[in-house]
Amino acid sequence: MASKTLKIQKIKNGTVIDHLPSGTAFGICRLLGIDNRSGENTVALLSSVCSKANGKKDVIKVENVKLSEKDVERVCLLAPKATINIVNDFKVVKKFKPTLPKQVVGIAKCLDPRCISNLPLEPIVPKFSVTKDGLKCQYCDNLIKTCNIVKALKCG
Amino acid sequence: MFQDKWKGRDVLSITTDPSLGRGDYFSREDFEKLFALASRLNGTTSELLKGKKMVSLFYENSSRTRLSFDSAMKSLGGEVIDYGDVSRSSMNKKDESFTDSLLTLEGYCDVIVMRHPLNGAPRWAAEILDIPVINAGDGSRQHPTQTMIDLFTIYELTKGKIDGSSIALVGDSKYGRTVKSLFRSLSLFDNIKVTLVSPPQLSMSQEEISEAKVAGLQVETAGSLKELTSIDFIYMTRMQKERFEEVEFKKLIGSYRLDSALAKQLGTYIMHPLPIDKTNPEIEPELTFSYDKAIYHSVQEKNGVPVRMALLGLVLEGEKFGK
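Those protein sequences? They're chains W and X, same order as listed.
All residue numbers for the first sequence refer to this note's numbering, where the first residue is 1 and numbers rise by one.
All residue numbers for the second sequence refer to this note's numbering, where the first residue is 1 and numbers rise by one.
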């Protein structure tokens, strides 16, 4: 009997972002700028695949891409339970679960248009405290609720 | 850790979160220190701040706040550099950035008192400047020195026993910065009951209410002034017409207007950060002269000078000030 499991090719070097909430992989790819328009790298997006722990999950495999510290923060804000695997020569050489930072700087924009950090042509870098309810602007105290974080990150 | 709790301190907002730093968190002890000093300085003139300079930087109109800061600084022998109308200044005309303007002014003074239409502007100023920054109102966010005056007024009228007071905050709880600041600060005291009276469009956010409840405040809401009973202080605020359609505004205004009959029936002190709307007054004008507990002009407004004297003295000279 033929196997019904779809095998996804391993990547030689790159990053695998695992345990993403189901349905978030496309958005996270866009946010990280993983569009592969050059067609040079293998990018695999698995959406709503079975997961022992969470029922369903998304996975992103991307070749020849190393996430920056800011990218890891972005992933962590949207998918706090994500696991990041660094692949080198087909082997996972590093695997970690990023922890939510207490503060994020320069990766999101305050969604209050009346916030000083949105004043054009000023050298003000938006800063947020990470709270259980979302991101709190450290200038105007505006709370960006968890459901709106992706919007704030897109603008950032 | 700062050796002196007050010297060089920014005054940015009133929060209940000590982790935010000394420019944002003022403890009960801080308020009591400020009030004791304000009581002593009330009505005095001296040379205690001789040689000190204050820049008055207002990006929005102000009369009471600006003038009372000026008066406070001059009463202590200090100098005031009034920036005037910022929109007509050469810095603005030459398209200089807000940041560069601040860095320039830092070289001319010992303290900056600023009002700005954008939320959080004083926090940015405090971040980049080494001199203390006092927030005289930012956007729809906070007006911490008005809160100090409001609390000082309650402190004096209760003979230093703010604990156990019941206060109704009436009008705009959504955009009104004085209400927000006062609401937060009240949670520093014990057994305070706050009744929020506002139309649904201008009600305080659930987050802010929950935060205050966690901090110990008893919070109730009421749909109109007529629902109030057993209140020690009514804090009225101006309802801003621009937030409503005209027809809707006219329908609402009556529910939040305090007239003589109701004021006298309640027998409470009436406070207001001022100004009162001239066209649609939220407090019946006659009350100012006919009701001795209408204290917004006679006590509260006048407290602006001694409280700001105490504050300027403390941030410029530290805890030794006035001793």
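Hints listed in this document are in silico derivations from the structure and should not be mistaken for laboratory results.
We put the beta carbon where it would ideally sit given N, CA and C, even for glycine.
Treat each hint with caution, since some may be false.
Chain X stretches covered by chain W per the calculated footprint, using a threshold of three residues with CB under 8 Å from any CB of chain W [as the list claims (entries may be wrong)]:
hint, stretch
1, 97 to 109
2, 115 to 126
3, 216 to 230
Below 27 Å or equal to it, Euclidean Cα-Cα: the simulated DSS-like pairs (lysine-lysine) are [stated by the list, open to error]:
hint, chain 1, residue 1, chain 2, residue 2
4, X, 174, W, 132
5, X, 174, W, 127
6, W, 10, W, 97
7, X, 250, W, 127
8, W, 145, X, 174
9, W, 151, X, 52
10, X, 213, W, 136
11, W, 136, X, 264
12, X, 74, X, 94
13, W, 102, W, 70
14, W, 102, X, 5
15, W, 132, X, 213
16, X, 302, X, 52
17, W, 145, X, 161
18, W, 145, W, 10
19, W, 109, X, 161
20, X, 161, X, 241
A quick look at each hint next to the structure:
1. Beta-carbon proximity to chain W at under 8 Å applies to 3 residues in the stretch 97 to 109 of chain X; the threshold of 3 is reached and the given coverage holds.
2. Under a criterion of three residues with beta carbons nearer than 8 Å to beta carbons of chain W, the stated coverage of the stretch 115 to 126 of chain X is upheld, 8 such residues being counted.
3. Residues of the stretch 216 to 230 of chain X with a Cβ under 8 Å from some Cβ of chain W number 0, which does not satisfy the need for three, so the listed coverage is violated.
4. At roughly 23 Å between alpha-carbon atoms, residue 174/X and residue 132/W fall within 27 Å of each other, so this suggested pair holds.
5. Restraint check for residue 174/X and residue 127/W: satisfied, since their Cα atoms lie roughly 24 Å apart, inside the 27 Å limit.
6. Between the alpha carbons of residue 10/W and residue 97/W the distance comes to roughly 21 Å, so the proposed pair stays at or under 27 Å and holds.
7. This hinted pair does not check out: residue 250/X and residue 127/W have alpha carbons roughly 41 Å apart, beyond 27 Å.
8. For the suggested pair residue 145/W and residue 174/X, the alpha carbons sit about 18 Å apart, so the restraint of at most 27 Å is met.
9. In summary, the hint linking residue 151/W to residue 52/X is not supported, as the alpha carbons are separated by about 47 Å, beyond the 27 Å threshold.
10. The hinted pair formed by residue 213/X and residue 136/W meets the criterion: a straight-line CA distance of about 19 Å does not exceed 27 Å.
11. Between residue 136/W and residue 264/X the CA atoms are separated by roughly 43 Å; this puts the pair beyond 27 Å, and the hint is violated.
12. Taken as a hint, the residue 74/X and residue 94/X pair is broken in the structure, with Cα atoms around 31 Å apart against an allowance of 27 Å.
13. Among the hinted pairs, residue 102/W with residue 70/W is consistent with the structure: their alpha-carbon atoms are about 13 Å apart, no more than 27 Å.
14. This hinted pair checks out: residue 102/W and residue 5/X have alpha carbons roughly 26 Å apart, not beyond 27 Å.
15. Restraint check: the Cα-Cα separation between residue 132/W and residue 213/X comes to about 18 Å, which is no more than 27 Å; the hinted pair holds.
16. Distance restraint check for residue 302/X and residue 52/X: the Cα-Cα separation of roughly 23 Å lies within the 27 Å cut-off, and the hinted pair is therefore satisfied.
17. For the hint linking residue 145/W to residue 161/X, the alpha-carbon distance of about 38 Å lies beyond 27 Å, and the restraint is violated.
18. With a CA separation close to 37 Å, the supplied pair residue 145/W and residue 10/W exceeds the 27 Å bound.
19. Distance hint between residue 109/W and residue 161/X is unfulfilled; the C-alpha atoms sit about 43 Å from each other, more than 27 Å.
20. About 36 Å separates the Cα atoms of residue 161/X and residue 241/X, which puts this hinted pair outside 27 Å; it is violated.
Against the hints set out earlier in the document, violations occur for numbers 3, 7, 9, 11, 12, 17, 18, 19 and 20.
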